[in-house]
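Peer 1: Now for the letters of each chain:
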Amino acid sequence: MNATETPVEAAIAELRLGPPSRWLWGTTIVGILAFIGTQIWGFTTPPDANMGNLVKILFVHVPTAEISFLAVLVMFISSILYLVRRQERHDLLGAAGAEVGAILTALTLIQGSIWGRPTWGIWWTWDARLTSEAVMLVILVGYLALRSFTEDSGRRARWSAAVAILGALNSVIVYWSVQWWRTLHQPHSSPMTMARPYRYALRANDISMLLIFIALVAWRYRAARLERAAELLREEAALSQEGSHAAF
Amino acid sequence: MPHSEWDYVMAAYIITWVVLAGYAIYVVRRLRAAERDREEIQQRLEVES
Chain A
17 MNATETPVEA
27 AIAELRLGPP
37 SRWLWGTTIV
47 GILAFIGTQI
57 WGFTTPPDAN
67 MGNLVKILFV
77 HVPTAEISFL
87 AVLVMFISSI
97 LYLVRRQERH
107 DLLGAAGAEV
117 GAILTALTLI
127 QGSIWGRPTW
137 GIWWTWDARL
147 TSEAVMLVIL
157 VGYLALRSFT
167 EDSGRRARWS
177 AAVAILGALN
187 SVIVYWSVQW
197 WRTLHQPHSS
207 PMTMARPYRY
217 ALRANDISML
227 LIFIALVAWR
237 YRAARLERAA
247 ELLREEAALS
257 QEGSHAAF
Chain B
7 MPHSEWDYVM
17 AAYIITWVVL
27 AGYAIYVVRR
37 LRAAERDREE
47 IQQRLEVES
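If you read the protein sequences in the order shown, they are chains A and B.
Per the numbering used here, the very first residue in the first sequence carries number 17; after that it's consecutive.
Per the numbering used here, the very first residue in the second sequence carries number 7; after that it's consecutive.
Treat the hints with care, since some could be wrong.
Okay, the calculated bits of chain A under chain B, using three or more residues with CB under 8 Å as the criterion [as the list claims (entries may be wrong)]: (1) 73–81; (2) 92–102; (3) 130–143; (4) 164–178; (5) 202–216.
Beyond 10 Å from chain B on every Cβ pair, some chain A residues (computed) [unchecked claim]: (6) Ile45; (7) Phe85; (8) Tyr191; (9) Arg219; (10) Arg238.
Just so you know, the hints here were simulated from the structure itself, not pulled from any lab data.
From the three backbone atoms N, C-alpha and C, an ideal C-beta is built for every residue, glycine too.
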């Protein structure tokens with residue numbers, strides 16, 4: 017904070033609210049085009065010898081699941097950074113990551129269930145992978161609920177950082193659940209575990225989902241910073257009104 | 007009536023597109039509202055000062 021800045025001006029400056037960068041616009045446009053292209057690619061791959069056409073679901077399910085881990089990682093790292101540096105923008109980035117993570121985790125569960133019905137014969141089972149993934153969704157929704165119930169910004173950031181750090185540990189269980197327990201869910205699918213015609217389509221879908229994720233988190237983060245700036249200005253307006261009343 | 011493989015494939019893809027597009031629209035609306043809100047308060051403060 018420099019000598020001429022008020023505390024509110026300093027707090028808003030710390031949020032680093034410039035206009036959206038060309039980099040952000042570029043990632044968004046390339047991400048949308050890449051997503052459309054790679055979805056068509058995944059959709060038009062030939063049927064698999066064992067799974068038939070159901071293999072096409074893996075081109076949406078696997079990238080969504082993989083990127084949901086990344087969302088939890090963003091929330092985890094941002095929360096640690098907040099607790100170390102106490103800068104509000106880290107808290108807001110963590111919240112943006114958690115919100116996108118909740119959407120992707122819910123989607124992963126839905127897509128998995130749609131794939132499981134014709135393959136395993138059931139929509140749902142209390143298997144270690146499915147259950148730990150459902151717990152991850154509950155943690156992310158709980159984190160977002162906690163934020164919406166806590167009005168004081170400092171307390172909101174501290175409490176949610178603690179929940180985020182503890183909750184993110186569950187992603188280790190989600191990841192290793194298929195190795196640690198005997199599960200109905202097969203071991204991790206990745207481009208390396210798939211036959212050649214599917215490998216490149218899966219890798220391309222991974223990349224396009226990553227770009228979509230970056231764009232969604234970046235725009236959501238920007239909205240959160242703008243909302244916080246408006247909140248700070250509103251507080252300043254209320255204080256200045258109180259001050260003018262007190263003067264009379 | 008049993009569902010075909012294509013029903014499940016279509017359901018997975020359509021739900022993915024609808025959820026992602028719906029969330030993107032929500033983010034854009036929130037972004038616009040926040041931008042408008044901030045500008046309004048900023049102007050009010052400038053007028054008052």
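Peer 1: Each hint: holds or not?
Peer 2: Right, here's what the structure says about each hint:
no. : hint    : verdict
1   : 73–81   : holds (count 4)
2   : 92–102  : violated (count 0)
3   : 130–143 : holds (count 4)
4   : 164–178 : violated (count 0)
5   : 202–216 : violated (count 0)
6   : Ile45   : holds, 13 Å
7   : Phe85   : holds, 17 Å
8   : Tyr191  : holds, 22 Å
9   : Arg219  : holds, 18 Å
10  : Arg238  : violated, 6 Å
In summary, the structure is inconsistent with hints 2, 4, 5, 10 from the numbered list given earlier, while agreeing with the others.
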